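S.K.: All chains should be modelled from the sequences, with the hints used to inform the complete structure.
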Amino acid sequence: MPSSFDVRFRVNGRALALVLPAESLLLDVLRDRLGLRGAKRSCDSQVCGACTVLVDGAAVSACTYLAVEADGREVQTIEGLAPDGELAPIQRAFVERGAVQCGFCTAGMLMTARALAAEQPDATRQSVLHYLRGSLCRCTGYQTIVDAILGAPAPAESPAGAAGALRVVGHSVPRADALDKVTGRARYVTDLELPGMAHAALLRSPYAHARLVRVDTRQAREVDGVLAVLTGADLTWCDPYYGPAFRDRPVLAIDVVRHEGEPVVAVAAVDAATAARALDLVEIEWDDLPAVTTLEEALAPDAPLVHTTEPLSGHFADLASLRPRPGSNVCHQFAYARGDVERALAGADVVVEDTFTFPRVQHVAMEPHAAVAAWDGDGGLTVWASTQNPFSVRVELARMFGAPLGRVRIVVPLVGGGFGSKTYAKLEPIAAVLARAAGRPVRLAISAEDAFRTVRRCDARVSARLGVRRDGTLTAVDCRADFDVGAYADIGPRIIQKGTYTATGPYRVAHVRLASAAVYTNTTPGGAFRGFGVPQLAWAVESLLDEAARRLDRDPVDLRRQNLLAHGEEFAPGDTPIDGKFEESLSRAAEAIGWAQAVGADRARGVAMMLKASIAPSVSEAIVRLHADASVTVLASTVELGQGARTVMAQVAAEALAVPLERVSVLLPDTGVTPYDQTTSSSRSTTMVGRAVLEAAGDVAGQLTRIAARVLDAPAGELRVEDGGVVHGERRLEYAALLRAHFGMAGGELIGRGVVAPGPSAAPLGGSTPFWEMAAGAAEVSLDVETGAVVVEDYVSVADVGRRINPLSCETQDAGAVLQGLGHTLLEEMVYDGGQLLNGSLLAYRVPRADDVPPRLRCRFVENADGAGPFGAKGAGEGSLVPVSPAVGNALARLTGLRFRDLPLTPERVWRALRHRDARRTP
Amino acid sequence: MKRENIQPDALAKRVVGGHVLYSHVVVVEARKTIFVSGQLARDAGGNVVGKGDMRAQIRQTGENIKAALAAAGATLADVVKTNTYVTNIEEFFKHTDVRMEYFGALPTSTTIEVSKLAHPDLMIEIEVVAVKD
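Same order as they appear, the protein sequences are chains A and B.
Add 10 to a position in the first sequence, counting from 1, and you land on the number used in my numbering.
Add 516 to a position in the second sequence, counting from 1, and you land on the number used in my numbering.
None of these hints come from the bench; they were simulated from the model.
Please note: incorrect hints may appear among the correct ones.
[Stated by the list, open to error] The following label-pair restraints were derived from C-beta to C-beta distances:
hint, chain 1, residue 1, chain 2, residue 2, range
1, A, 480, B, 630, 34 to 44 Å
2, A, 794, B, 569, 52 to 62 Å
3, B, 520, A, 347, 31 to 41 Å
4, B, 636, A, 927, 55 to 65 Å
5, A, 315, B, 569, 54 to 64 Å
6, B, 586, A, 347, 25 to 35 Å
Fair warning: this is a prediction, and the values are worked out from it, not measured in the lab.
By construction, the Cβ of each residue, glycine as well, lies at the ideal position given by its N, Cα and C atoms.
M.R.: See below:
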């Protein structure tokens, strides 16, 4: 059988003849041979649909389709959808409906929609949902995608009430990168090609905990085309440890592996196949060690230790005094108390108490982690990275290599979803050491399967007691939480602090005692994930609040309303006053779900609320440049990962400088060019970076006014900036004319600078949150008693965002957050057995699909322009995820009389509980 | 005696645990002004009470102020101004519920963190001014 074939096929109408190895996948041929990079690689297993292309009009997953199968056929890719630049109607619908977020699924979605349209021209909503079962999206919540495919008319612009006199802010302008994303032009890290670039592959540990007795890489090094082979022991020329809290994570395992899937050997070769072949020749002798894979095992007396002692990183003020418990697996403990909890509980009329668990879940960003690293001749390092915080990655790499910050450059193209998984260094250190050893640029891109071995949410066990007086006053919260941070601490210590500190949620509680621990286990490292420790606590506390309402025979909405913190009231003594109106969020959620109306006997409703602090202290800077033709460039380091931050920054600058939105460009982050920004996470970008952009634009406007005052010989106080010019009475000077007058030629530019940097604070965690993120959720559920399947029939999310800079973006963000919340509520959990991850792939790990979206899902907003951000905005995007689990759990409790304590609420778990209940009822 | 507690709109009102912590402005017309020295968490024998326990120290200090005021024929309801010195302001803030047991009349207030008080075990000192007809 020949190993290569002549393959003749047409791609987007162009006839091609290629000689291809038998095992060539269509996706690789399209992307690497033909440069058609619109189809994306994600799951490698025909589950996610990101690589969907058409072969003879039918949708196929190019990641599992042999290129030789396409012989004699017609292949169509996203690049062929708008050959002459004229968008197809479906592409336009995606842009207008807001069906595009991170964009990594977009090409596949569009091609799937195209195949569906050919197959079923009159597709119903039901058949679209069915058809999309093979197309995953983690950002949008699917609603807008389904609507776009159905050709539903775009919703009318939201009422202008909130936007008032604003021209650009408060309007759902199309996203800055939507056009690139619907045409396949958008570029992510894996789409970059550098001259001479090598490809990396990793050998990962099959053991949860083992000693590396012998690692022999000699044969691997001799393979033709191999450029570098590295083990942890080889990294004598740099500091081989990193981590934002503890420097506990080796770039490649040193002496010991601590979780299944930990990188042990890294290879760089001329192509991916050669790198993989070399790894097959590595010989390793392992000495299996006892492993701990659950909190119970890790906290048992005499438990095997995952780590001994690790040095602190010292990057962050709030992580400067971590408290490990020596001789145990506890790497940090947090405690906070006020008032007298024991006395308050003793004096309470009702005390409710229980223990809840929250599962290990993975982010499943559609784009798995990727990095490309290149060194220049004199020791400068550039890394193109799929990261949410380039400046943190820069610090880690500079420290590893003893390089000045200015010599390490992190460039972030578009990112295909993050949700926290791409905060802090992940693959960048490995790519950097490989590139140094290989002496040329190296690309390291992992699969969705390996993302499950890179980072996940911290699972948790939360025990809480709530004390309530007969009159409904919540007097005491006593809460103890253990978080499983996995094999390396990552940012886990901060997660347990922030999550636990706000355990009391949006309620006024005089007597509080909170304690939590971050616990190492031999599992995938736990890290940041949308909600950052809050979902784990809210699941427990919001469930118990409903129990208290039941015991007091009180309406759960009323009981919550009675205890809400008021606008302006300090969350905790000395901390930031509440900057929103909880009462309004709760009332709107209750009203929209029809709380006051009767519900059928086979359904029940539940509510829940949340409050979350943003990261603090927190610094963002921005630069705004006004060019000679009055166009504007915004330099800010907010990462565009699908949330629409880039568009928000453009809107803020356009509004502040009174120029058309089309005249504003926002650069993507490049630490060598764009100014410092701490992180794109914690729902902070609109507030913090938005404020910096607003200030920088204001700086430019101020300069324009001073120039105009001179030119017009008028007092600056009488001038105003309006519609691209400076106006004094009847006189008006265009920006371009002012710049010409200022510079004496049609060149030069005005540069404005904005800095948002809080000073030190006395707040309990070393910095007061710049804003509070707050949301309410209400669910109506039904239950199939035969199977235990829980169906969320209706869900209402209400987020208090101050003001929506881009209303449609806020809606799709929150719809996506709700769906992610439904994931860990009903479906998702990483299952381990004996240290082995059993379902670490998208085939086995089930994330919500289009047909899992509640038949009715509404995202609403409270907008009182009371936020700390530009135009009164504040954080959005995380809050709506948090109330989902407790709202559904509370509804299910009312429906079944059973209080569920463990997530996810899988059919099996619910069915067993029902059977147990019924067995006890019929003696 | 006429007393008016004022919270001007221009000044942020500190609300903690549903309670306003102090008044920005207190206006009184009265004949007698009573100055009380900074009181500490010492018992009648001069021994420090509640070592390392902010709640106990606030309580003892409050009781001492009460006794001092009583000697002048006044009560806590007559206090118009407090100056509070603490060695750890975060710890102090966690126990505002105890402080409010003594200063519910909402006198004006200043709170300062200091490095040391008269004895290494002392965590708080409060001086007050009261007025009385």
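S.K.: Could you run down the list of hints and mark each one as holding or not?
M.R.: The hints, checked one at a time:
1. Remark: the range hint 34 to 44 Å for residue 480 of chain A to residue 630 of chain B is upheld by a beta-carbon distance near 43 Å.
2. Checked against the hint of 52 to 62 Å, the pair residue 794 of chain A and residue 569 of chain B passes, with Cβ atoms roughly 56 Å apart.
3. With their beta carbons about 37 Å apart, residue 520 of chain B and residue 347 of chain A fall inside the hinted range of 31 to 41 Å.
4. Distance hint check for residue 636 of chain B and residue 927 of chain A: the Cβ-Cβ separation is about 60 Å, which falls inside the suggested range of 55 to 65 Å.
5. For the pair residue 315 of chain A and residue 569 of chain B, the beta carbons lie near 35 Å from each other, so the given range of 54 to 64 Å is not met.
6. Between residue 586 of chain B and residue 347 of chain A the CB atoms are about 33 Å apart, so this pair conforms to the stated range of 25 to 35 Å.
Going through the hint list in order, the structure does not satisfy hint 5, though it satisfies all others.
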